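Colleague: All chains should be modelled from the sequences, with the hints used to inform the complete structure.
As they're listed, the protein sequences go chains A and B.
Each residue of the first sequence is one higher than the one before, counting from 0 in numbering that gives the first Met the number 0.
Each residue of the second sequence is one higher than the one before, counting from 0 in numbering that gives the first Met the number 0.
Do not take every clue at face value.
[Unchecked claim] In the SDA-like style, the derived pairs of lysine to any residue whose C-alpha atoms are separated by at most 25 Å in a straight line are:
no.	chain 1	residue 1	chain 2	residue 2
1	A	Lys165	A	Leu424
2	B	Lys387	A	Ser56
3	A	Lys165	B	Lys387
4	B	Lys455	A	Leu168
5	B	Lys294	B	Thr428
6	A	Lys165	A	Val119
If you are wondering where the hints come from, they were derived from the structure by calculation, not from laboratory data.
Nothing here was measured: the structure is a model prediction, and the numbers come from that model.
Here is how the chains run, residue by residue.
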Amino acid sequence: MNALTSMMLLPLLGSLLVAVIPSDQVLRIKQAALGTTVLVAISGVMAWFKFDSENTSFQFVQIAQWIPSFGINYAVGVDGLALVLILMSVLLAPIVVLAGWNESEGGRWSAKVFYILILVLETMMIGVFAATDVFLFYVFFEAMLIPVYFLIGGYGSGERAAAAVKFLLYSLFGGLLMLASIIGLYVISGTHGGHTFDIGQLSEMHKYMSSTTQNLLFLGFFIAFAIKAPVWPLHTWLPDAAASATPGTSVLLLGVLDKVGTFGMIRFCLALFPDASKTFTPVIMVLAVISILYGAFLAIGARDIKRLIAYTSISHFGFITMGIFAMTTQGHSGATLYMFNHGFSTAALFLVAGWMISRRGSSTIADFGGLQRVTPVMAWSFFIAGMSSLALPGLSSFVSEFLVLVGTYTRYPVAAIIATFGIVLAALYILIPVQKALHGPTTPGNENLRDLNLREKIAIGPVIAVIIALGFYPAPLLNVINPASAHVLEVQGFTDPVPSESAGK
Amino acid sequence: MSFTAPVLNYAQLAPMLIILGGAIIGVLIEAFAPRASRHTSQLFITVASLVTSFAALMQVRTQSSADAAMGSVAFDGAGVLLQASILIIALLSVFLIADQENFTAMPAAVPGSHEERESLQLDLRVTEVYPLTLFAVAGMLLFPVSTDLITLFVALEVLSLPLYLMAGLSRRRRLMSQESALKYFLLGAFSSAFFLFGAAYLYGYSGSITFTGIQASVVGGSGNDVFLLLGIAFISVGLLFKVGAVPFHAWSPDVYQGAPTAITGFMAAATKVAAFGAILRIFYVAFANAEWQWKPALVLIAIITMVFGSVVAITQRDVKRMLAYSSIAHAGFLLAGVIALSKSGLDATIFYLFAYGIATVGAFGVVTLVRDSSGEVTDLNRWSGLGKRSPLVASVFAFFLLAFAGIPLTSGFIGKFSIFSSAYESGSTWILISGVLSSAIAAFFYIRVIVLMFFKDPVEDGTSVVIPSALTTITIAVSTAITVILGVFPAPLINFIESTAFFIR
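Modeller: Structure follows, in structure tokens:
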């Protein structure tokens, strides 16, 4: 069976398995969920090794008719970009299950429902990156909102229902705009070679569009992805959702779901509407730079630790968006690598923060103090995750942030220079909470916190290992990403700018 | 002058004749059978007529004839599809009607009177509703296949009069129910008058009452265009009233709320199929060549209808009123298919009608289950926490709401996609844009109900979900199954509609 299809089927089968286990056998349910996600992760890694990185066309392709009268196919396949993101998703899933072993307990519903939602979500996460049919992509894009909605609203904390609704409404609004654009594409394809949703054929359609049409259709896609990513000023749902969701859900939300937005910008905005992408690039660059700085400033001012992480993500997504729309190979490779790294460093931050919060019973940064003396392993894990988030050289994020800035500078030097201030601010927003919460004397209320137990260490270990390993040796990922990035740009006729210095001499 | 006997194609008329025969048997049972046996025999006769009629329809499904009854009735693919939809929806609704809890014991008794108390003590059951349903179904079957204005008017009255009565049969809040029936009757009578007025103008314009005759005059262009315009306008008022399009919608919230819920479901689903069937035929056959006379007005009405229905639904506090406004919004979406005036528009509208009708019956079926000691509870505030009390019922209702909202993997999404794409294909960009925006608004109130059911705590006021009767269970289960299947594997039905749906001229 096709590697991607079987990867999508596995979690579904797992969710059926969970569904038939009686609700009171919570441990069995958790074991089943963990077992399934580990199996999916293994098959993801196997697909990684089978993937031929020199071949820039889609691999593991499977196409089957779904609704032939509309030209809709079940079509999956991956290039380097999609593969990296799928690998990230399937690796994060078992970590989230293991790290959030007791997350389902504070919920409205049973643990069973929680794990069914997680597993169904995993299927859709793989599907959304693997789809090469625009309609199929849209189906996953929209359908995955429903499990996340119930995960936030049912198992989160605080104003969880309101946050879930805000998340869903924002996303549905963007999704519907995208639906309008998809219908537009569909109709145009009907008059030029027959109705189709194949991404390859649709990427020829821009030749038949007037520039107004192309701009409008581009905006439909871009706004949907900018809400998802999220780019300022469409970000306001994210802090609420991330602060209310359980840490595990937040990891999936920020680490994986939001990547659909940036992934979509590359796969759909650039590939389907190259001219409109060029037209809007100046605006998007400005928005990206604002996101970087705005997210960083809010993060500095944040009092709540989960909100802080959410704001840092807005800043990081600004970098990713900037790298994508710089339209240089380095920018693209950097952005893709950034997506992968951000997944892991945010996962580390959220998971450790979640443990800190559940132990202390508060998510306010000021309530913590001197954790390093009481819970050294937890404190060090948070420290490394934080360092990765501020892109310390030697940790994985540094490589990607550097690539993005270099790639942007060759074309948009001003944007790149302003964005560099984001790095300075990053040092502030990470070091201030690190200093307050981890260092200094142990403040009252923190004396008796337990350090990480074995399960938690097993969960956080691989994440930190990935962060450090990729910091020193990013080549395995870049070898897959680079050809794919070059291919994306080449197909649509974008070229790297010639270095200006040699031209001047 | 000699009298020619009418030539009738009995095989093609059989579905309608069987229903009428069943209705007459039902009347005889009311007159002669002992009270105790009426309910069982009536139910049997009704179900048997519907099933036999469906079988008879399937026998002749491949036939087509413009002249099934002296040029007054056509029999063609579109007609078969619409009649089959009406019969399936009617059968599912009858199962809901069979749950007699919702009907008054003696409709003729004045509310609060001695007779009423007596009839309640005797535990009488109203069984007239069955023959009334069959008469209405007969009218609905005739409505979309009529090809002259007189037959169309007769069908309109045959379907409407029983519905006026049925709306007044509610067991609780009888005054409100009777008020709604009277309102429906008075406004319906008004709209019938408009319809007749329009028919007269069209006769004056073309000298013919048949659709083909009118079409010939439009093509010939010899008539007075003012008469044509007035005729189309007044006929449209009569037809748009039945589907509840703005500004002819005022009756629908009150009637939806006042009528017994099972009747509301039947009315909302089946009437809509029949009325849109008639609208499709008259606009596609008789007025197709006068596109410029009616299209701008209809586009405007469609846009106002979708936006108004979606916006006003937000403020509703009663589940039946909310569904009424939602059905107004859906009428707007359906008009988009009429405006498309193309084969794909016809296919999309028929698919949408069937998908929407089934989901509507299912949703109202769920509404009948939520009760307290004095009957159904339709106040949305008292639905809060329903997900905790009975997760299954709440999940099914949530699923229907998601289908109404057009979330992927439900029938509603496929319907929405196909109808909007056909509208855009025929050049109605504004329909597409306002359709997408009002879908976004509509999503808000559907989701609000889901929030209420799942994320709010139950109020302790005796609201509970009754265990559904076997027949109600069948209706809800079948509707759910069809809504899922049409969302995931719509291809067989779409292909069938595509190959079958056409209007004979």
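Colleague: Quick one, are Lys387(B) and Ser56(A) close enough, alpha carbons at most 25 Å?
Modeller: violated (49 Å)
Colleague: Please work out if Lys165(A) and Val119(A) have their alpha carbons no farther apart than 25 Å.
Modeller: holds (22 Å)
Colleague: Would you mind confirming whether the straight-line C-alpha gap from Lys455(B) to Leu168(A) stays at or under 25 Å?
Modeller: holds (18 Å)
Colleague: Are the Cα positions of Lys165(A) and Lys387(B) separated by 25 Å at most?
Modeller: holds (22 Å)
Colleague: What's the verdict on Lys165(A) and Leu424(A), does the C-alpha distance respect the 25 Å limit or exceed it?
Modeller: The hint is violated at about 28 Å.
Colleague: Sort out whether Thr428(B) lies within 25 Å of Lys294(B), counting only the CA atoms.
Modeller: Between Lys294(B) and Thr428(B) the Cα gap is close to 13 Å, so the pair holds against 25 Å.
Comparing the model with each numbered hint stated earlier shows that hints 1, 2 do not hold.
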